[in-house]
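With the hints as constraints, model all of the structure from the sequences given.
For the protein sequence lines, the chains are A and B, in the order given.
Under this note's numbering, the first residue of the first sequence carries the number 1, and numbering increases by one thereafter.
Under this note's numbering, the first residue of the second sequence carries the number 1001, and numbering increases by one thereafter.
No lab work stands behind these hints, which were simulated from the structure alone.
There's no promise every hint is true.
Pairs of lysine-lysine residues, derived as DSSO-like cross-links and limited to a Cα-Cα distance of at most 30 Å, are as follows [stated by the list, open to error]: (1) B:1071 to A:57; (2) B:1042 to A:9; (3) B:1042 to A:83; (4) A:83 to B:1071.
Quantities reported herein were computed from a predicted structural model and do not represent experimental measurements.
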Amino acid sequence: DGGITQSPKYLFRKEGQNVTLSCEQNLNHDAMYWYRQDPGQGLRLIYYSQIVNDFQKGDIAEGYSVSREKKESFPLTVTSAQKNPTAFYLCASSIAPAAVNTEAFFGQGTRLTVV
Amino acid sequence: QQQVKQSPQSLIVQKGGISIINCAYENTAFDYFPWYQQFPGKGPALLIAIRPDVSEKKEGRFTISFNKSAKQFSLHIMDSQPGDSATYFCAARTAGNFNKFYFGSGTKLNVKP
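Structure representation (structure tokens):
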């Protein structure tokens, strides 16, 4: 089955701790994204990557970091610098380049809670 | 600022009724407009999508209407069912060198039996 796998489904973070959210896709998509979802605010782009070893900041990158060492993997680290990390995090991927009709396909999300 | 504005924030419809969700945008660089359906605790799933050179697209009970001159598009759910109760997001994609998606703030639909 082709798809996007996010893990873990639930994650608890203590104050001052860094945590890493996993995202793996077997769709052979070039582009991958991380979004944050808060109630009533829709999806906000944290980081995105078009190819291996390249990524760009989205609209709310502060306090987050990513890596793209493999095409199928795009982990997100929520650092202690992120002051309000409690949210639902969604990883997505899409075909690149943009010349074709293409949508973003999403994983099932990771709910991060600060304890 | 919000690149894609979506309304209403919530919607209650009786079973069998029509649900209508509206979105508006300003950026003329957007070239593709997907809609997503999200159930609680799950990731959004693609529902239907449209290009701006098409005024309407229908798939089953779901129809997108697109008004390019007004920079508005809407989702119509005909014969709404309780199983349609979910949050719906409109989105817009910028073309160019990279796919970048912008999402509306979401509409929580509740279809009453």
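Here is how each hint holds up against the structure:
| no. | hint | result |
| --- | --- | --- |
| 1 | B:1071 to A:57 | holds (27 Å) |
| 2 | B:1042 to A:9 | holds (10 Å) |
| 3 | B:1042 to A:83 | holds (25 Å) |
| 4 | A:83 to B:1071 | violated (36 Å) |
Hint violations for this structure: number 4 only, all remaining hints satisfied.
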